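In our numbering, the protein residues as written are 868 to 1205.
Be aware that one or more of the hints could be misleading.
The following label-pair restraints were derived from C-beta to C-beta distances [claimed, not checked]:
#1 911 with 1177: 47 to 57 Å
#2 884 with 1173: 26 to 36 Å
#3 1089 with 885: 28 to 38 Å
#4 979 with 1134: 44 to 54 Å
#5 1126 with 1190: 41 to 51 Å
#6 1126 with 905: 40 to 50 Å
#7 1119 with 895: 42 to 52 Å
#8 1173 with 911: 35 to 45 Å
#9 1134 with 1159: 12 to 22 Å
#10 943 with 979: 20 to 30 Å
The hints are simulated quantities; they were obtained by calculation from the structure and are not laboratory data. What you are looking at is a predicted structure, and each value in this text was computed from that prediction instead of being measured. Quick reminder that beta carbons are idealized off the backbone N, C-alpha and C, glycines included.
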Amino acid sequence: MVTIPVWLEQLQQTPHKDFHWFSQEEIENRQTHSSIDAHLQKWGLTGETADQARSLLQHMVQVGEGFRVPGANESIQHTVEYWLNQQDPSQLWAALHYHALPQLFFPVGNEFTAITRALALYHAEEKGEYPAQCRLFVGLLEGLSLSELEHMLLFRPAFGGFRVRGSTTPLRNNYPRITELWTTHSRSLLRLIWFEHIETSLVHIEYQPVQQQQTIASYNEAFGYHFPLNIPVDVAELLHGFVNLNAEQLFNEMQELPDEEVNFYLFILANILPPSSTDALTTYILPFYLHPSREIREMVIEIVQEYREPSILRVLLQREEDPDVQAIIQDALQQMEA
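Turn these sequences into a full structure, and let the hints steer you where they fit.
The following block contains the structure:
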């Protein structure tokens, strides 16, 4: 039998438009017929992550549901679910939709005010202002082509809509495909820049910061991801299963790359650095200027020029021994100082 804590009984007795509470009979019936394996199969969880999800769910019971958010197909609505952890019944946990990824359930408190505040961003009707941004390097899910991947995203509950456009800027004769997505609940904007020939992508994410840091930290640790801790959980869920590297991780991976691949990934690395960060430029880009390849050194010069850092270019000019590359740096300085 499920024991309902006093604070939850008080919530159940107070009418509220965003809360529909289940009766004791409904709660126990759902507990009896709930399928943990259905959650695991939905997300293809196996091994340690499946064990972790099973551990999270085995003490959870759904006690109610809340507001509904239209999906990308307006005939489908996603209902927020309220769950109680019977081992620690001190507060509610929220799942943004049916069969949400268990690792992305998040605590919302035990009072209407706290719960409403925790969920406020997740039923935004319009795409709003995005004060926070981040960039990550991602890879296609194993065995899926780009078109298959985009089709798969259409059916994820966190998918709120998209548009596809081509790039106007060539990258060494390769034209990436750009897919712009927004999430169902937080209306966060994701700009995926696909380089299909190497099955990788940059993702630029614009979002409203939220306060589910512990959930995202645990999620990152469980799956080896590197999402910012203030990112909305529906963003993390939409990109679940992708390779996910931040600048530090990609920099470390590049140390093992053959010379012919370094230049391309150097461009990728530059594009996931925090904008206008001289420290990041110094830490992750300048070490490649020690590379014997002239082409790689020229790419470093190009990146530094884009950051408009003449002092760094002067340092590179002092280090450079190739007269032709020296001329490139001097020309870059003249353009920057003109």
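Hint check:
In this structure the hint that residue 911 and residue 1177 lie 47 to 57 Å apart at CB holds, the actual value being about 50 Å. The hinted range of 26 to 36 Å is not satisfied by residue 884 and residue 1173, whose Cβ atoms lie roughly 50 Å apart. With their beta carbons about 30 Å apart, residue 1089 and residue 885 fall inside the hinted range of 28 to 38 Å. Checked against the hint of 44 to 54 Å, the C-beta distance between residue 979 and residue 1134 comes to roughly 50 Å, which is consistent with it.
Checked against the hint of 41 to 51 Å, the C-beta distance between residue 1126 and residue 1190 comes to roughly 22 Å, which is inconsistent with it. Look at residue 1126 against residue 905: about 48 Å separates their beta carbons, and that is inside 40 to 50 Å. Under the hint 42 to 52 Å, the C-beta atoms of residue 1119 and residue 895, about 50 Å apart, fit the expected range. About 39 Å separates the C-beta atoms of residue 1173 and residue 911, a value consistent with the hinted range of 35 to 45 Å.
Range check, residue 1134 to residue 1159: Cβ separation about 19 Å, and the 12 to 22 Å hint holds. Between residue 943 and residue 979, the C-beta spacing of about 27 Å keeps the proposed range 20 to 30 Å intact.
The structure does not agree with the numbered hints 2, 5 stated previously, though it agrees with the rest.
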